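Protein chains in written order, with UniProt numbering: chain S, 1 to 221; chain H, 1 to 626; chain E, 1 to 261.
Source of the hints: derived by calculation from the structure; they are not laboratory data.
Keep in mind that this is a model prediction, so the values were computed, not measured.
Mixed in with the good hints there might be a few duds.
Under the rule of at most 27 Å between Cα atoms (straight-line distance), these lysine-lysine pairs were calculated in the DSSO-like manner [stated by the list, open to error]:
1. E:Lys231 x E:Lys243
2. S:Lys126 x E:Lys243
3. H:Lys484 x H:Lys534
4. E:Lys243 x E:Lys29
5. S:Lys38 x S:Lys105
6. E:Lys200 x E:Lys231
7. H:Lys181 x E:Lys231
8. S:Lys126 x H:Lys394
9. S:Lys105 x S:Lys126
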Amino acid sequence: MPPKAAKGEYIETVHPTPAKQFQAPAPSPEGPNDTGNKISRRSQIHGTQHIILGGKTVIQAEAVIRGDLYRLPSTAASTDPSNPPPQSNAPSVAITVGRYSYISKSAILRPPSRLHRGVHSFYPLKIGDHVFVGESAVIEAASLGNHVHVGAGATVGSMAIIKDFAVVLDGAVVPPGMVVPSWCVVGGRPARIVGEVGEGYGVEGAEGGMARERYRVVGRP
Amino acid sequence: MSRPFPYTYISCPCADTPVLDPARKRRSRESPQKPPPERDTEANEGQDDAKQPANKDDEEDEEDEEQTFDPRSPRSNFSLYPPEQLLYCEDCHQIKCPRCITEEIVSWYCPNCLFETPSSMVRSDGGRCGRNCFNCPVCTAPLAVSTIENVTGNGNGQGPWVLSCGYCLWTTLDIGIKFDKPTNIRSQLQKMTDSTTGPAFDARSRQGSRAFGDLKSPLSNFASVDEQANPSERDAEQSTSKEDQTPTPHLGAEARFAALKNFYRTQISETSNSPSDSLGSEFGFSSPGALNRLMSLYASSSRLSGLYGGTKKPKSKPPVMREALTATEGLRIASGDADSALVERIASPDCGWDGVASLIQRTEQSPDVRFVDELLPLPVLLRTKRAKRCKSCKHILVKPETKPQSTRFRIRLIALSYIPLPTLRPLAQPSATSVSGLAPTPDLNALTPLRPYHVLLTLKNHMFDPVRITLATPSVTPGIVATKVTVLCPQFEIGANSDVWDEALQNATAPLSDRITGMRGGEKVPEAGKVWEKGRNWTTVVLEVVPGTLPGSQAEDGQEGDSDIAATFQKDEDVLEIPVFVHMEWDAEAQLEQQNVGKASKPDDLVARELAYWMVLGVGRIQASL
Amino acid sequence: MATLKPPPAQHRSSSSSHTPTGPPKAPLKADPSATIADTAVFQGTYPVTIGAGTVIHPRARFYAYEGPISVGDGCIISEKAIIGAAPGTSASTRPSPSSSTGPSPTSSSTDVTLSTPQIQGSGQETITRISYFVTIGPHSTVLPGANIHSSATIESLVTINRYADVGAHSKICSGCQIPANGSVPEWTVVWGSGIGQRRKRARTAREPAPAVVVAAQVAQIPVPPPAPEGKIIENARLMVLQKEREVLGRMIVPAGASKKK
Chain S
1 MPPKAAKGEY IETVHPTPAK QFQAPAPSPE GPNDTGNKIS RRSQIHGTQH
51 IILGGKTVIQ AEAVIRGDLY RLPSTAASTD PSNPPPQSNA PSVAITVGRY
101 SYISKSAILR PPSRLHRGVH SFYPLKIGDH VFVGESAVIE AASLGNHVHV
151 GAGATVGSMA IIKDFAVVLD GAVVPPGMVV PSWCVVGGRP ARIVGEVGEG
201 YGVEGAEGGM ARERYRVVGR P
Chain H
1 MSRPFPYTYI SCPCADTPVL DPARKRRSRE SPQKPPPERD TEANEGQDDA
51 KQPANKDDEE DEEDEEQTFD PRSPRSNFSL YPPEQLLYCE DCHQIKCPRC
101 ITEEIVSWYC PNCLFETPSS MVRSDGGRCG RNCFNCPVCT APLAVSTIEN
151 VTGNGNGQGP WVLSCGYCLW TTLDIGIKFD KPTNIRSQLQ KMTDSTTGPA
201 FDARSRQGSR AFGDLKSPLS NFASVDEQAN PSERDAEQST SKEDQTPTPH
251 LGAEARFAAL KNFYRTQISE TSNSPSDSLG SEFGFSSPGA LNRLMSLYAS
301 SSRLSGLYGG TKKPKSKPPV MREALTATEG LRIASGDADS ALVERIASPD
351 CGWDGVASLI QRTEQSPDVR FVDELLPLPV LLRTKRAKRC KSCKHILVKP
401 ETKPQSTRFR IRLIALSYIP LPTLRPLAQP SATSVSGLAP TPDLNALTPL
451 RPYHVLLTLK NHMFDPVRIT LATPSVTPGI VATKVTVLCP QFEIGANSDV
501 WDEALQNATA PLSDRITGMR GGEKVPEAGK VWEKGRNWTT VVLEVVPGTL
551 PGSQAEDGQE GDSDIAATFQ KDEDVLEIPV FVHMEWDAEA QLEQQNVGKA
601 SKPDDLVARE LAYWMVLGVG RIQASL
Chain E
1 MATLKPPPAQ HRSSSSSHTP TGPPKAPLKA DPSATIADTA VFQGTYPVTI
51 GAGTVIHPRA RFYAYEGPIS VGDGCIISEK AIIGAAPGTS ASTRPSPSSS
101 TGPSPTSSST DVTLSTPQIQ GSGQETITRI SYFVTIGPHS TVLPGANIHS
151 SATIESLVTI NRYADVGAHS KICSGCQIPA NGSVPEWTVV WGSGIGQRRK
201 RARTAREPAP AVVVAAQVAQ IPVPPPAPEG KIIENARLMV LQKEREVLGR
251 MIVPAGASKK K
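Please construct the entire structure, taking both the sequences and the accompanying hints into account.
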């Protein structure tokens with residue numbers, strides 16, 4: 001049960017006049033639907049120009065989103081260390097979050113990084129639609145698919161890939177580079193596949209399909 | 001698997017099947033004056049019985065319905081499922097749980113690389129990924145292929161390579177193994193560890209990972225059928241190669257297994273007295289022939305002959321099989337020093353507790369492995385996509401697409417498309433102290449005994465026909481903690497689901513405004529006989545719940561023998577779960593074959609249908625004291 | 001340890017302590033080559049020293065109420081990591097090193113009211129030491145008195161309780177706990193749940209596994225040449241870390257525009 005939010009805790013982004021905190025999201029296939037994000041004033045978001053929210057996304061208080069860890073252009077070594085502005089007018093994207101996804105309190109979203117051919121760089125973190133990220137979870141994955149549920153206190157390691165309709169149980173530690181197939185439930189430390197969700201998972205209103213309802217009640221008195 | 005409150009579970013009627021066929025029960029309840037039209041279509045064995053003793057059946061039903069579903073009964077564990085796990089068979093008109101379906105494999109895939117493995121390859125690969133996917137033998141995390149040279153340099157394709165675990169930092173260097181190429185790791189590893197491949201066998205080129213297949217897979221009996229076409233020849237080869245090269249019995253585990261297998265196969269074929277009795281055949285030990293043989297052994301003894309062998313004369317004494325005698329036959333004689341060496345090693349400071357492989361680690365490894373630094377990386381076990389069939393009528397209920405990455409289904413008959421989806425939420429406390437509109441929602445993990453709560457039960461219809469619902473609950477919940485439950489509006493209707501476009505257009509506005517009015521009316525009071533809220537295809541009713549007192553708490557009626565009750569008080573007895581009997585009726589469009597019945601079908605080709613089941617509402621946990 | 005210069009004169013802004021009556025700001029001695037995010041929090045009465053090349057991610061929190069905190073060179077302290085303990089989290093009842101039950105690892109709230117801990121009077125102060133090339137993951141807590149040796153890795157959601165000692169080149173996997181006064185030897189991985197299971201990392205060249213030796217004997221081929229020492233894996237990891245720090249140093253918005261490398 002989320003704590004009663006003080007009145008006006010959430011900023012709701014409106015298109016086409018973006019809220020102060022967020023730049024207008026890059027043109028997305030969603031068109032004008034990328035609005036209605038509910039973002040807590042107490043969320044801790046860095047590098048907003050590198051974050052794309054798909055619309056109807058909820059970001060709760062104290063959630064840390066590291067948009068500032070974006071992928072530098074390949075000639076990054078030469079950039080001026082003092083606050084390199086994105087050269088092109090299309091800033092590289094660090095984190096994308098799909099529609100009706102929900103980032104709980106104190107969760108951390110951090111783009112994964114790795115060394116490739118001698119260059120250490122950050123890779124985008126893609127989060128799909130209807131995703132739930134539990135309280136205090138740490139996400140360093142390469143991607144979370146649609147309808148993914150990440151439990152509270154779980155860790156999703158660097159470059160992990162969580163496919164659609166997968167469930168990461170509370171407190172699980174998904175090791176770096178792990179791939180969790182669709183419909184699978186993983187748990188434990190390190191996480192392994194412990195079961196599968198039912199075929200009805202993700203049906204609107206049932207388990208895995210509560211995202212709209214979750215979104216709707218956020219910020220309501 | 002526990003879920004946070006509030007939750008709803010649905011009981012699959014199959015739990016009652018051994019006692020009473022639920023299909024029969026349900027049918028007999030169907031509109032008694034006219035015979036149910038869908039009777040013909042139901043491929044259920046009990047249906048003829050249902051006709052004749054109809055009255056008797058009804059009586060049985062009366063009795064049966066008296067029995068309240070007890071969510072605490074040990075049996076309930078096996079019949080309660082979250083709604084999304086249930087399927088629905090359109091031919092049996094029944095809810096189907098994972099226990100009343102059969103599964104068949106559609107495709108095999110590796111959960112790590114998500115490549116499909118052709119089913120012809122599954123056996124030879126031992127049910128494991130044949131590519132570069134490995135799990136850490138220490139912690140089971142996936143292993144990555146990484147180079148150990150030029151880590152920071154930009155040279156690519158430079159070896160040597162290792163498998164490394166990103167979680168526990170195990171690498172193949174821990175067992176002194178490196179690889180020359182970053183591809184085909186499994187066959188490289190196979191070559192390194194395959195002790196069945198003597199120089200004489202190289203021509204055979206059995207990179208097909210015999211080791212894993214033979215040792216671990218339950219399919220192993222079948223894995224190498226082809227190779228066993230010439231067992232004696234190979235045995236001979238093996239024995240020659242082993243005898244003159246390694247006279248000491250120092251075969252690897254796989255080699256010994258192969259030797260023993262060959263040895264016993266030849267033994268069996270030599271000693272068997274009937275051609276049908278060959279254990280060495282490809283059907284192995286589980287074949288009827290093997291069973292026959294075993295049974296005939298027993299049947300020859302006097303006592304069992306009457307049972308199994310009938311009055312047949314005992315056969316001649318079965319020939320004696322000898323056991324393996326030499327190392328080449330797979331015999332290994334345990335040496336006395338081995339154990340003391342093991343003990344010494346365990347006791348040494350650089351091994352210790354952490355150096356000994358745990359049982360869990362050893363289950364996946366060769367039986368000789370005792371220490372952590374003997375563990376070999378494990379190729380990832382394949383997973384399957386499975387189709388599901390109704391056990392009784394064999395109709396397909398679920399058929400996923402074959403491709404591993406696809407999340408779509410060709411057929412998916414989930415129960416949620418047929419039965420209303422139940423959701424539960426507490427109604428904010430109408431207490432006097434709270435400011436209007438900010439009524440606190442009760443803490444479901446600490447419900448106060450003897451205080452009335454209102455919970456809202458919403459049923460959402462996914463069918464395209466309106467449904468009439470009747471809810472029934474016991475007035476007092478079963479179990480030690482007696483909670484009073486009243487459904488304020490036990491009979492109501494739910495509107496039909498409309499198609500996708502209507503929903504898309506209406507979804508944003510209609511239900512929302514409904515609810516807002518519901519919320520704004522802060523003074524809205526639950527009334528008996530009235531639905532709380534109603535949307536296009538959903539209806540919400542109020543349940544009034546008065547949690548009972550826990551035994552031993554100092555509540556009013558706590559004067560009964562506290563100690564006795566406290567003794568029988570079990571874990572989770574304080575969880576408030578309400579059994580609710582749901583009976584739904586609707587007029588469905590008659591399917592083609594049902595129209596022939598004629599007599600029952602209504603003029604507009606509608607047939608009355610009904611379905612009934614128990615569900616359990618997990619409301620919360622009752623506080624110990626007031 | 002590199003030269004520790006006095007902190008730059010200008011005020012470091014920390015997100016949660018804008019009010020003048022906020023908690024005391026810990027005196028910070030940071031090497032100029034360190035990268036400290038502007039939203040990192042430094043509170044307490046004792047000094048916090050940060051070594052050369054160290055990267056402090058945003059929202060990391062340092063609570064130097066019970067003693068000084070020293071972070072060596074080349075460390076990475078991630079988001080929401082907590083080094084030290086905020087006042088009120090059993091700081092008053094300081095456990096004696098001999099028999100202490102670690103305090104519940106409650107993540108301290110940022111809006112602590114100032115309760116000036118007068119532990120200077122009570123005798124010795126509790127030093128929290130983080131040596132070089134240490135990585136502390138997100139949401140992890142290192143309580144006062146802990147000593148983390150060089151090149152250790154603390155993953156996310158870990159709790160290192162008071163006076164615990166984590167050896168060099170060790171790794172504490174996500175979600176594990178090191179009990180108060182507990183010690184982890186060097187080159188050891190703690191994994192699993194709770195206090196976890198332990199595994200010694202290969203440091204030297206290892207003999208090939210027996211399965212390989214047997215196979216080689218059977219096949220009459222020479223046993224494969226010894227694989228390289230396990231140490232090179234660790235060296236490679238440290239190299240990658242070095243690169244990561246360089247990149248992070250360019251990306252993280254530092255505290256105060258003037259303090260830059």
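We went through each hint and held it up to the structure:
no., hint, in the structure
1, E:Lys231 x E:Lys243, "holds (19 Å)"
2, S:Lys126 x E:Lys243, "holds (24 Å)"
3, H:Lys484 x H:Lys534, "holds (25 Å)"
4, E:Lys243 x E:Lys29, "holds (24 Å)"
5, S:Lys38 x S:Lys105, "holds (13 Å)"
6, E:Lys200 x E:Lys231, "holds (12 Å)"
7, H:Lys181 x E:Lys231, "holds (21 Å)"
8, S:Lys126 x H:Lys394, "violated (41 Å)"
9, S:Lys105 x S:Lys126, "holds (19 Å)"
Violated hint: 8 only; the structure is consistent with all others.
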